[in-house]
Amino acid sequence: VSTTEQAQASAARQGARTALPYMLALAPYGVIVGALVDQSHVARAPGWASAVLLYGGSAQVIALQLLGSGATVAVIIATIALLNVRLVAYSTAIAPRWRNAPRWWIALASYVLIDPAYVIAEQRWETETDPTSHERLAWHRRYYMGAAATIWAIWVAACGIGTFAGSTFASAIPVSVVVQLMFVTMTVTLARQSTSIQAAVLGFGFGIVANPLPEQLGPLVAAGAAVAVVCIVHRGPR
Amino acid sequence: MTAWLAIGGAGLVAYVMQLVPPLLHTRHDMPAQIAEVSRLVAPAVIAALLASSLVTNAHGGFPARNIAVLIVGMVVARRTRSIPYTVASGVLVYAAIGAFL
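Chains as they are written, first to last, in the numbering used here: chain A, 1 to 238; chain B, 1 to 101.
Quick caveat, the hints were computed from the structure, so don't treat them as lab data. Wrong hints could be hidden among the right ones.
Rough simulated footprint, nothing fancy, chain B against chain A, three-plus residues with beta-carbon under 8 Å [as the list claims (entries may be wrong)]:
1. 26–37
2. 94–108
3. 125–133
4. 140–150
Idealized CB from N, CA, C, for every residue including glycine.
With the hints as constraints, model all of the structure from the sequences given.
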């Protein structure tokens with residue numbers, strides 16, 4: 001085995017090791033998300049499949065919540081697409097580092113790209129001293145895949161445990177309150193700058209006003225209005 | 001069937017959105033204005049869903065107990081940014097208020 005191959009294998013292992021502390025926090029979240037399936041009137045098979053098909057806590061919680069409240073398929077897809085815009089920003093930012101990778105690898109790497117995987121990859125990239133070297137780019141790809149694949153495997157397993165074994169404790173907890181607390185944490189985590197805080201506050205206010213709209217369109221309309229208002233206000237005089 | 005369509009469809013759309021930039025070999029960051037708007041969308045969507053959940057579950061009443069829980073949850077979330085801690089503290093407050101009322 002060549003030194004290069006050893007270095008590449010070591011990169012994947014380092015990535016996996018870096019991901020493990022994140023999973024101490026994410027695995028309980030995965031169990032709770034899995035347990036919500038049982039309470040949201042969604043069958044267990046598609047509920048657990050959401051861990052693989054949607055792959056992302058916020059997207060899964062929102063899809064289950066909207067399915068449980070009777071939203072149409074189009075509204076659910078549009079809401080998840082809006083929520084996913086931030087991941088497009090991640091994949092755009094990371095794309096230059098993947099330019100020499102095979103297409104099958106890019107397809108896989110794009111699938112496992114979620115917030116913690118991106119954060120881990122970025123933290124390591126910031127310490128890189130030779131960002132143009134092909135060998136170093138390959139090392140970073142292995143490192144990213146080691147971290148992202150570890151997160152994926154533990155997340156899907158945690159959701160499975162929650163879906164099939166979590167109903168015993170899920171029936172004892174106030175599910176609507178748990179979902180609301182998850183939404184609070186996600187909002188606080190994502191809204192760090194003044195403009196995103198304003199978007200969240202306006203989204204909440206408009207969400208109350210728009211709630212009576214049919215087909216569960218209220219949140220979608222409210223979010224669109226909130227983003228539009230913040231953009232208009234911050235565009236300033238021309 | 002609706003659940004499979006919704007989850008499968010949303011998953012496919014989300015995946016294609018993430019796949020396109022690296023497949024097109026983008027060599028530049030997202031334009032600053034689009035990146036800024038993309039940062040606004042997720043908090044706005046989730047906050048709107050929170051409002052909708054709060055109003056729907058209040059069934060026409062004033063959800064004082066839930067609002068108290070969410071205020072505690074917001075404080076814990078700001079300090080820890082941890083879903084397990086926020087959910088655990090919020091559920092404890094919810095149970096404590098229920099025990100006293």
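Hints versus structure:
1. 26–37: n = 3 at 8 Å, threshold three: holds.
2. 94–108: holds (count 8)
3. 125–133: violated (count 0)
4. 140–150: This one is violated; 0 residues, fewer than the three required, reach chain B with a Cβ under 8 Å.
Violated hints, listed in ascending order, are 3, 4; each of the other numbered hints is respected by the structure.
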